[in-house]
Amino acid sequence: MSNTLYEVGRYSVFIKSLFYKPEKFSIYVRQVFREMVNLGIGSLWLVALTSAFMGAVITIQSAYNLVNPMVPLWAVGVVARDSIIIEFSPTIIMLVLAGKVGSNIASEIGTMRVTEQIDALEIMGINSSGYLVLPKIIAAIIICPVVVIVSMIIGITGGWIAGDLSGVVPSADYLKGLQNQFLPFNVTFAMIKTVVFAFIITSVPAYHGYYTNGGALEVGQSSTKGVVNSSILILIFDYILTQLILA
Amino acid sequence: MIEVDNISKTFGDKQVLEGVSCVFEQGKINLIIGGSGQGKTVLMKCVVGLFEVDKGRILYDGRNFSEMSFGERKPIRQEIGMLFQGGALFDSLTVEQNVTFPLSMFTNMSAAEKRDRANFCLQRVNLENVNKLLPSAISGGMKKRVAIARAIAMNPKYLFCDEPNSGLDPKTSILIDELIKEITEEYNITTIINTHDMNTVMSIGEKIIFIYKGKKYWEGSSDDIMRSTNQELNDFVFASRWMKAVKQHF
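Going line by line, the protein sequences match chains A and B.
Per this note's numbering, the first sequence starts with residue 1, numbered consecutively.
Per this note's numbering, the second sequence starts with residue 1, numbered consecutively.
Think of the hints as simulated: they come from the structure by calculation, not from any bench.
Keep in mind that the hints are not guaranteed to be accurate.
Mimicking EDC-like on lysine to aspartate or glutamate, the simulated pairs with C-alpha atoms at most 16 Å apart in a straight line are [unchecked claim]: (1) B:LYS157 <-> B:GLU185; (2) B:LYS181 <-> B:GLU163; (3) B:LYS74 <-> A:ASP119; (4) B:LYS74 <-> B:ASP91; (5) B:LYS45 <-> A:GLU23; (6) B:LYS74 <-> A:ASP82; (7) B:LYS207 <-> B:ASP197; (8) B:LYS28 <-> B:GLU52; (9) A:LYS21 <-> B:GLU18; (10) B:LYS207 <-> B:GLU25; (11) B:LYS74 <-> A:ASP173; (12) B:LYS55 <-> B:GLU18; (13) B:LYS157 <-> B:ASP197; (14) B:LYS74 <-> A:GLU122; (15) B:LYS28 <-> A:ASP82; (16) B:LYS28 <-> B:GLU185.
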């Protein structure tokens, strides 16, 4: 318990240290754009692949479960759309990104720590945590909602194609379902979750990487801790946000 | 000049430095020597502010560094150049970008001015045609030289070198030592080297501080070492058969 409190306290101090005045604003802005390419564009193929199959599976499983003749076939489209928008795209895709982006961030910063590159930044008078981590967080907060919207579009399209090709849900029914009882607030809710998760998948692995102590073995351990802890926090905050906003 | 005044540092229950006082003089090569685990790296890291001291003061030309906040230390940090044991070059940047990095962060130089300064610094450490290479594509000795070029890019007043010869062949070690000596004399800077390389001690050491069990045990010049009767110092410096022979000859 005391160890958890220590980690939470140190994480809070770490987050506070990110917000010192930047040494040179223009360099930070350039870093943000670079990180947006790394985090967003670099993850697009993985997001597209995951979303397409996720949408296909949701559609076919929904059709499989909705066997009651009282339930119209277009309900599959409603279920697929809302499942993808509210839960699967923001949560599952961010969990996938926590694995890809989180391990990348923790190992990059951890390696910089054990090879004294972070010390070199400090010696120069640069706020190392701010310079290395803040652009990643800002980039993720900007680019992740875009990635999640792309995921929603691909997921819904994937469901449509899978339903039509397998003959489980005809196109006309699926499209009718997509347009039925659509609540725009669901997208807003998904974006709120995405921004919170984007902060988690960058700051938590960065924290573990930044406080790496030792060598290659410890860098690997930091990377694992970063991914595991950020994944757990995503699930916890998924519940908290759902309870706060939807309940 | 850097004055270290009665500093102590503990990690948990372990006292790593105890009441260390010394002066690192300007325009001279100041060496911190001692065996592994005796506290010399901790001393250097305390002096540059990577570790906070528990007690005592560190004065950079009279400015009390140990009592300054992170923001207050920035102007002094920009006067410091440091050569790390492994070079600590930024992996994702090319050699030229590594050298121009502090210039990009702290000056308003144009790209052409930064490139000129990088070329000057790289030529100063006898490196040419490596500007576009990544650190992973150059040898250990070249990395050390690039790190020196980066350290002198901002015209530092204080140069810190942590084990500059570790992992280098004897010829490259001598080259690095000579380079540090030339730069110290040329720019009249305060150079502090942390080493246990006896060749460095005897060839370029002008002021030597011997750290043993976290305390300053001895202070003097390389000539004084030969005449020293300090048992711990002699056990450390003349541990090898070659150094024993040198002492007998002396």
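Results of checking the hints against the structure:
1. In summary, the hint linking B:LYS157 to B:GLU185 is supported, as the alpha carbons are separated by about 12 Å, within the 16 Å threshold.
2. At most 16 Å may separate the alpha-carbon atoms for a hinted pair to count; B:LYS181 and B:GLU163 meet this at roughly 15 Å.
3. Of the pairs offered as hints, the one joining B:LYS74 and A:ASP119 holds, with about 14 Å between alpha carbons and a cut-off of 16 Å not exceeded.
4. With a C-alpha separation of about 24 Å, the suggested pair B:LYS74 and B:ASP91 falls outside the 16 Å cut-off, and the hint is violated.
5. A threshold of 16 Å between alpha carbons decides the hint, and for B:LYS45 with A:GLU23 the separation of about 23 Å lies outside it, so the pair is violated.
6. At roughly 52 Å between alpha-carbon atoms, B:LYS74 and A:ASP82 are farther apart than 16 Å, so this suggested pair is violated.
7. Distance check on the hinted pair: B:LYS207 and B:ASP197 sit about 15 Å apart at the alpha-carbon level, within 16 Å; holds.
8. Restraint check: the Cα-Cα separation between B:LYS28 and B:GLU52 comes to about 26 Å, which exceeds 16 Å; the hinted pair is violated.
9. Restraint check: the Cα-Cα separation between A:LYS21 and B:GLU18 comes to about 36 Å, which exceeds 16 Å; the hinted pair is violated.
10. Restraint check for B:LYS207 and B:GLU25: satisfied, since their Cα atoms lie roughly 8 Å apart, inside the 16 Å limit.
11. Proposed proximity of B:LYS74 and A:ASP173 is contradicted: the alpha carbons are some 65 Å apart, above 16 Å.
12. Proposed proximity of B:LYS55 and B:GLU18 is supported: the alpha carbons are some 9 Å apart, at most 16 Å.
13. With a CA separation close to 24 Å, the supplied pair B:LYS157 and B:ASP197 exceeds the 16 Å bound.
14. Pair hint B:LYS74 plus A:GLU122 holds up; C-alpha atoms about 9 Å apart against a cutoff of 16 Å.
15. A hinted pair counts as satisfied when its Cα atoms are at most 16 Å apart, and B:LYS28 with A:ASP82 does not qualify at roughly 72 Å.
16. For the proposed pair B:LYS28 and B:GLU185, the alpha carbon gap of about 7 Å is at most 16 Å, so the pair holds.
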